[in-house]
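Peer 1: Construct all of the structure, not just a fragment, from the sequences and the given hints.
Residue numbers (this note's numbering), protein chains in the order written: chain F, 177 to 403; chain P, 212 to 402; chain B, 7 to 224; chain W, 79 to 418.
One or more of the hints may lead you astray.
Here are some, though not all, of the chain P residues that point toward chain F, as calculated from beta-carbon distances under 8 Å [what the hints assert, rightly or not]: (1) Trp-217; (2) Ile-284; (3) Ser-285.
Below 16 Å or equal to it, Euclidean Cα-Cα: the simulated EDC-like pairs (lysine to aspartate or glutamate) are [to be verified]: (4) Lys-265(F) x Asp-277(F); (5) Lys-331(F) x Glu-178(B); (6) Lys-109(B) x Glu-249(F).
The following residues of chain W were derived to be distant from chain P, with all beta-carbon distances above 10 Å [said to hold, decoys possible]: (7) Trp-128; (8) Phe-210; (9) Pro-332; (10) Asp-401.
Hint data in this document are derived by calculation from the structure and do not stem from the laboratory.
The beta-carbon is built from N, C-alpha and C at its ideal position, and this holds for glycine as well.
What follows is each chain in one-letter form.
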Amino acid sequence: MKQQPIQWVKPPKAEQEPSSTRLVLTMAVAGFLSGLLTISIYLVTLPTITAYKIESLRQAVFRVLPNTVSIQEYVYRDGQLRAVKDGEKAKDEASIYGGFDIRQNMLGYAIAAEGAGFQDTIRLLYGYDKVQKRIVGMEVLDSRETPGLGDKIYKDLDFVANFKALNPLPEIKAVKKGQRTADNQIDAITGATISSVAIVKIINQSNALWLPRIHATHGHCFRSLSC
Amino acid sequence: MDNLLWIFVSAFLVNNFVLAYFLGLCPFFGVSNKLDTAVRLGLASTFVMLITALCSWLLNTYVLVNAPYLRLISFIVVIASTVQFVEMAIKKLSPVLFKALGIFLPLITTNCAILGLAIFATNRGYGLWEGLVFALGAGAGFTLALVLMAGIREEMQYNDTPALVKGTAITLLAAGILSLAFMGFAGLFSR
Amino acid sequence: MLTQNSAPDNAYDEFIKGVWRENPVFVQVLGMCPTLAVTNSAMNALVMGLATFFVLTGSSALVSSVKDWIPKQVRISCYVIIIATFVTVIDYTLLALVPKIHKELGAFIPLIVVNCIILGRQEAFASKNTVYLSVLDAMGSSIGFLFALLALGGLREILGVGALFGVNLFGEHYEPWVIMVLPPGGFLVLGLILLFFNWFKARKPEKSLNPALETPHG
Amino acid sequence: MEKQKQKLIVQAAPYLSHGITAPKAMLDIIYALIPVALLSVWFFGISSLWVIISATLGGVLVEWLFNRERADNPLKDGSAILTGLLLGLTLPAGLPLWMAFLGGVVAIGLGKTVWGGLGNNLFNPALLGRAFLLGNFPIAMTTWPAPIGDAGIFSVYPSTFTWPFMQVATDSVSGATPLNLMKFQHQFTDVGSLFIGNVSGSYGETSALLLLVIGGVLILRRSIDWRIPAALLGSVFVLSLIFFMVDSRLYPNPFFMLFSGGLMFAAVFMATDPVTSPLTPKGAWIFGIGMGAITVLIRLFGGLPEGVMYAVLLMNATVPLIDKISQPRAFGHGLKKDGQ
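Peer 2: This is how it looks when you write it as structure tokens:
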């Protein structure tokens, strides 16, 4: 069969050309009505959508930073991590979330990070306990890793458990499953080494940025960072 | 730099717009029966994608900051009118280029790869350079898929493909095989 | 790209032709991007199909009721604006109601705008017919589209995960065919379905369709 | 039959002036595969024989089903058996038999039948079947059992007789292939044992020595075009030598690259398939070098340990283009032909 070329329907000539004012007016009315409808649906759904976003963020922080009951957004300004409220943050400014327990004690930070995975970008959130100086939880927010293999980065609970008491210093290393010997190592997933290594790389890169900032703010001393 | 390379390779091979994201399938199936047309359509699309990346970045940064709900409508309107404007400009400035690419330009604006590019770049929060590199990779990937498919379909004309399979069915199966082969690029430059 | 409509026999025919005889996916091969991209599970296919149903029916109703006031020169732009508005509405509604599925469908909800089934129905039918017939026509096409999406999504999920709508079918020892939920699976399964349709048609040659309908579009 | 023969000659005429006809070349290659199959039984036991037979049966079944009404039944030319053999030899020992069977079905069904049978297919059927299996069952397809050693030829891997459509029940011990070790542990297997072949891997890819000998014989008998293996192996060697000289700790020794994985097997048996490779000598060189470059790219920078299968499939897709640019006289004057 020969493929037919696409036929584009040409508008037939109108009997009388409408004035350009009429054309512009039609478009303007259409645009106005469309804008009106769009804004209304936006305003109607905004509370639900915002509530869901805040709630899912809170849930995620609770999972990576156990015992958290409330969260606070922080940005890095003038050599310090500073708490910001909604709207005080500049558009492209990176932020992390501090988690507080029931007595309003600061537990640590939940840090979002992303990077290249096996198939596509992986976005994840991990919790850093500032007292124990350990990573205490990791959750993959978004990924397109291979089903049944790479998706074990969030489906394999043994792998996720690697991040429950992990020393981030000097850097995290992925080793072959069962060969873990030090507290800065994780067991890679058999058959999905690239995805496991990608997670490690994403966290290491993010740590290189944020740990010194946390350190500067709280005055902690790290083994491999000059004090 | 590492990041830009990965964005390019990802859009070009690993997550090829056509073979992994299913974007731009209309021209991929409709216009891929001739090699010459495929090359030109690919180049013209790449060009439009670059313009789109620029437009959507400008819109996102300067216009839509407080009105995200107008994103879809303004993307469509702005992209379509910019392409029309560019088409007129090319016609005036370079008749040769117009003859090669011009007839495809209006056709491309209705292509979902273009809107898809703008939406993906926005969702991922790409800056200007990232967006442009993304557009370049996506355009190159689109061209590659189109050219490979055109070659396959020209070859098929000489073969006795069974009547049952002819037409869209075999094109889809060939696209599936190509998509399977492109899986080999997974993880490229990700480390 | 548009079919020459024969005079409508009756309203029922306008409805049923889109569902089966002129099925937008299996017969006209239109709207390929969403068809392939979101059918990696039956649930995604269902939500996408319903969203398209809403946009297509809504746009057809609106376009057919305002068609006399829109000058010919700007009609396509007006249709696009109308469609884009409906898409924005459904986009925010889904985000509010089913955020998890919205996340999985991702960029493909805004891309309903460029699904040429929708613009095609406006241009070929709604701009020339009464509201009643246009709505029936739109409902027929979108149910046909929904049916196609569900068939693809169901098949891909059954093979690729061993489940349907998330319900496990074959027990936990089933070995999933991972390809089916990945991009190659979309192309291959649709290709095989079209092959089956061709075979079906070849068995009943008197009812064969115009081959020109096989030109695919986005 | 008559028709099939003719088609191959027409397609191959520009360079195969030495009278290769389909059945002769095909028989040659089937004979050449027998020692490879025997060696794999020696290394991996009787399981490997089961897998090869299963894959072949799958292919033959499809060929028979879709062509039983045709007078020139293509079953007779043996190409389905050849495809099944080739596919079977690239599968891991201990792969569940139902998967091997499915691979054979896809190889012939999707790789050959839908294109109109032998001579019309654009992709290597055996590798297409293998790519389908690898995509579908990544774990089973990358579980490379270690050679059986002392257990005896008649011992069977427990995973072989897995119930159809079900997962492998037992955790089989997977020996990492040399390429896996290179990619994920940065260990380089010594070239000597790669050369002899006593390493984990699919049957066909274990012994480089045997494959070199067989390839040599086939070239001498003119059953395969020498240019394609030469271009493929040569480009892999040169490219990996360049990387090796840049950083010898990061990148493997070029001999390691040559003798590991499925490269040798692909160079001798897969890339040289006359139906899915270019027509002209110049095209053969482009084809081979392209495959070499993609193989090195995927092995050194990709996420997968082995890329030669994808390299062959991807270059198969470019064969129509290669034919076009390497044969300007036969196709008129290039692009101008299609101009408006």
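Peer 1: If a hint holds in the structure, say so; if it does not, say that too.
Peer 2: Each hint tested on the structure:
With its C-beta approaching chain F no nearer than about 5 Å, Trp-217(P) sits inside the 8 Å limit, and its interface hint holds. For Ile-284(P), the interface hint holds, the least distance from its beta-carbon to any beta-carbon of chain F being 6 Å, beneath 8 Å. Annotation: Ser-285(P) was flagged as interfacial toward chain F, and the flag is violated, the nearest CB pair being 10 Å apart, outside 8 Å. With a C-alpha separation of about 24 Å, the suggested pairing of Lys-265(F) with Asp-277(F) is violated against the 16 Å cut-off.
For the proposed pair Lys-331(F) and Glu-178(B), the alpha carbon gap of about 15 Å is at most 16 Å, so the pair holds. With a C-alpha separation of about 23 Å, the suggested pairing of Lys-109(B) with Glu-249(F) is violated against the 16 Å cut-off. Look at Trp-128(W): its CB is around 26 Å from the nearest CB on chain P, clear of 10 Å, so calling it non-interface holds up. Not every C-beta of chain P lies more than 10 Å from that of Phe-210(W), the closest at about 7 Å, which undercuts listing it as non-interface.
Chain P leaves Pro-332(W) outside its interface by the beta-carbon criterion, the shortest separation being 21 Å against a cut-off of 10 Å. Non-interface call for Asp-401(W) relative to chain P: violated, since the shortest CB-CB distance, roughly 8 Å, does not exceed 10 Å.
In this structure, the earlier hints numbered 3, 4, 6, 8 and 10 are contradicted, and the remaining ones agree with it.
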